[in-house]
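If you want the building blocks of each chain, they are given just below.
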Amino acid sequence: MASLPPKHRLQQGSADAVGGSDTHHDRPRGIMRWVLTTNHKEIGTLYLLFSLLMFMIGGVFALVVRAELFQPGLQLVQPEFFNQMTTMHGLIMVFGAVMPAFVGLANWMVPLQIGAPDMALPRLNNFSFWLLPVAFTLLLSTLIMPGGAPNFGWTFYAPLSTTYAPPSTTYFILSLHIAGISSILGAINIIATILNLRAPGMRLMDMTLFVWTWLITAFLLIAVMPVLAGVVTMMLMDINFGTSFFNAAGGGDPVLFQHLFWFFGHPEVYIMILPAFGIVSVIIPTFARKRLFGYASMVYATASIAILSFMVWAHHMFVVGLPLVAELFFMYSTMLIAVPTGVKVFNWIATLFRGSITFEPAMLFAIAFVVLFTIGGFSGLMLAISPADFQYHDTYFVVAHFHYVLVPGAIFSIMAAVYYWLPKWTGHYPHLRLSQWHFWLSIIGVNLTFFPMHFSGLAGMPRRIPDYSLQFADFNMISSVGAFMFGLSQLLFVVIVFMCVRGGKKAPAKAWDGAEDLEWTVPSPAPLHTFEHPPQYRPVEH
Amino acid sequence: MSGGSYYVPATSRWPILASLALGLMMVGTGTWLVHGSIGSLIMLAGLVAILAIMALWFRDVIRESMDGLYDSQMDRSFRWGMAWFIFSEVMFFAAFFGALFYVRTFALPWLDGEGAKGVTALLWPDFTASWPLLNPPDPSIQGPEHILDPWKLPLINTLLLVTSSITLTFSHEALKKGDRYGAHTWLVVTVLFGAVFICIQGIEYYEAWVHLGLTLQAGIYGSTFFMLTGFHGLHVIIGTIILFTLLQRVKKGHFDAHNHFAFEAGAWYWHFVDVVWIGLFLFVYVF
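Going down the list, the sequences are from chains X and U. If you read the first sequence in full-length UniProt numbering, its first letter stands for residue 1, the second for the next number, and so on. If you read the second sequence in full-length UniProt numbering, its first letter stands for residue 1, the second for the next number, and so on.
Everything labelled a hint here was simulated from the structure, so no lab data went into it.
Partial selection, computed: residues in chain X whose CB lies under 8 Å from chain U: (1) Pro28; (2) Thr38; (3) Met237; (4) Gly251.
Restraint ranges, calculated between C-beta atoms of paired labels, are given here: (5) U:Asp126 x X:Tyr332: 32 to 40 Å; (6) X:Ala326 x U:His258: 49 to 57 Å; (7) U:Asp256 x X:Arg9: 33 to 41 Å; (8) X:Thr163 x U:Tyr206: 25 to 33 Å; (9) X:Thr137 x U:Ser72: 39 to 47 Å; (10) U:Phe287 x X:Phe70: 55 to 63 Å; (11) U:Leu51 x X:Asp513: 48 to 56 Å; (12) X:Leu49 x U:Leu159: 51 to 59 Å; (13) U:Phe287 x X:Leu204: 38 to 46 Å; (14) U:Glu114 x X:Phe70: 45 to 53 Å; (15) X:Ala338 x U:Leu122: 32 to 40 Å.
Where a beta carbon is used, it is the ideal one built from N, C-alpha and C, also for glycine.
Same shape as in the complex, but just chain X (with noise of 0.2 Å):
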């Protein structure tokens, strides 16, 4: 197949793409270069790592609670201690695996797609990533707190969490705050990066889909993370302090927490799927060897999803006794986000139409990702229509619907994303075939795990509850076995990482074959300071 034309006129090997030196700051050597550190690169990998250190402890969480579910009847562990399970598994996996992977991710690509030297603010960038440790230190510590860890859910519904809290609640809500400010702070930077330091020449529609979901994602967290500090804090004063935010008997409503929960809650969802989208919008072109079919709509098509996610909030909440006009204004605006979505997988699968495909293991994490997140897509349909969400509401069915948007699909798309970029982060590819069972394992793993859990919760299996009727033991047993399938397949991917960054094939600059954007320009590895001097980008008219 005859290779594109150029989409830009930046090529490899141009002077332009890698300046100056690293001699012009004195580098602090051994531990205190990475606790100092403010260059995206070094920053973005420690995000990375720390995403995967929670990635596994989350990870374990599960396990634990799949343990206890293998069989019906209650077998390893004590009732409370299976509530914070499932209650630490969702905050670690949400706050502390996905999004910081993807600030990781942005850490690293956005400023070399856009031609920029590091990012906009690094100190506040160190500052970002360092409240992460601190915040997650926190949380973790209330598992051998007195009265143990929060047990609420990771939804954290008053008065669970309120009046029938453990004491561990306060140090859960302060930590949050950590989380949350690490995350604004984070997203100013890249929305200042993104727009202020795109090489010259680049026009906004010149990004890279990956740095425009990135951009939209920045001003989601920035618009959702205060309004859960809000929450939390009227939480922390209902606790400690006697108001009445979510206390009838003082004037308040505990659906408030509901409402201000899942205004920030919606939003959050969507902070975790459009990097996964600009991610997979990155990689199917490269190994498709065409360009993105519909660039433009799909650039729409994610600031719509982004609108729309702030009116679609009460969704969650249908059971909640809300007045019927807001039942069907909730689930019809709910259903119109499958619009905006289904141009984006018809464009990813339009891409693929007619080009000449290779597996690579990036490919085929990004190609499991459409069928699978579609998949996850349809449920979300079905939940949203309000009359039958009264069946399927708190069952496994919604469990099985936001794991398959959220493991095929955030995690998915991560993995898709160090496998494509791991070539220019350390110079080696990963071990090919060791990708592909980490790839086959994954998949299995995951689908034996979650795609039961549609039967045993149509069938009316309850979410977060220990013990469960007879009915359902064959499908849980499946479960567990998928799930314990899926945990121990991730040791590989550790062990594919740390051999890829000890050695491996070695990477050119351009490492894939199909694969135009601005960081294939500069040498793999990526040393530590590029684009120095500001390239002039000059986008090829079609």
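Using the hints provided, position chain U relative to the given structure of chain X.
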């Protein structure tokens, strides 16, 4: 910009120290709230550490700025950073305003049996919804005896804060004309207005808490009143400190007619605090 190289700042120890100090303060706060005892001391130590680190961090930034290390691109990064930070603050207040509107429009009428939500009225059949809510549904919670008259101290505070936004603009205009004396004088006036506002707010809180029985524990009215005005007051205090710092920098001649983004950022923040107050005056005090 073209041809020039980007400014990439040196490493700094303030971010990691600030993270640790914030962690210390949060551990202290948690310990204080859950166990009492020495927690409050740890919290205070953390707070002092954070304030000190912020002062030192800003000092470094000011020095680098005075050394001319920042170019117009860095200036734009600071502008975007400050603008989006203020947007995040707007959303923080939006959460509390949202709670206020939700309670007034939905929760209380429903507790009174309005509409299809009559079932919640079964909880306290004698409850009558009103705003301000002087009689919370459950007798275990003592409502406020009175609320504050908006046309006394709150009106004075409104006038003070709106005027301070105007005097700050005068100061900025003077600075832009290169009139350092004028800029200095108007900034002093603005800082004084801010300080007087804080004092009046303190008097008002004393009045409310001690004489009117309007406390944090006085049901949802007290909750929304104190959280909204309290966070606003905290922002006025921070804003006044920012303006006071800017005053010192004006005195030292740090700003010229064209290059004074720190001043503008402080002014943006102050106007934001002012706008929030107008929302508060209308929806917390008057209506």
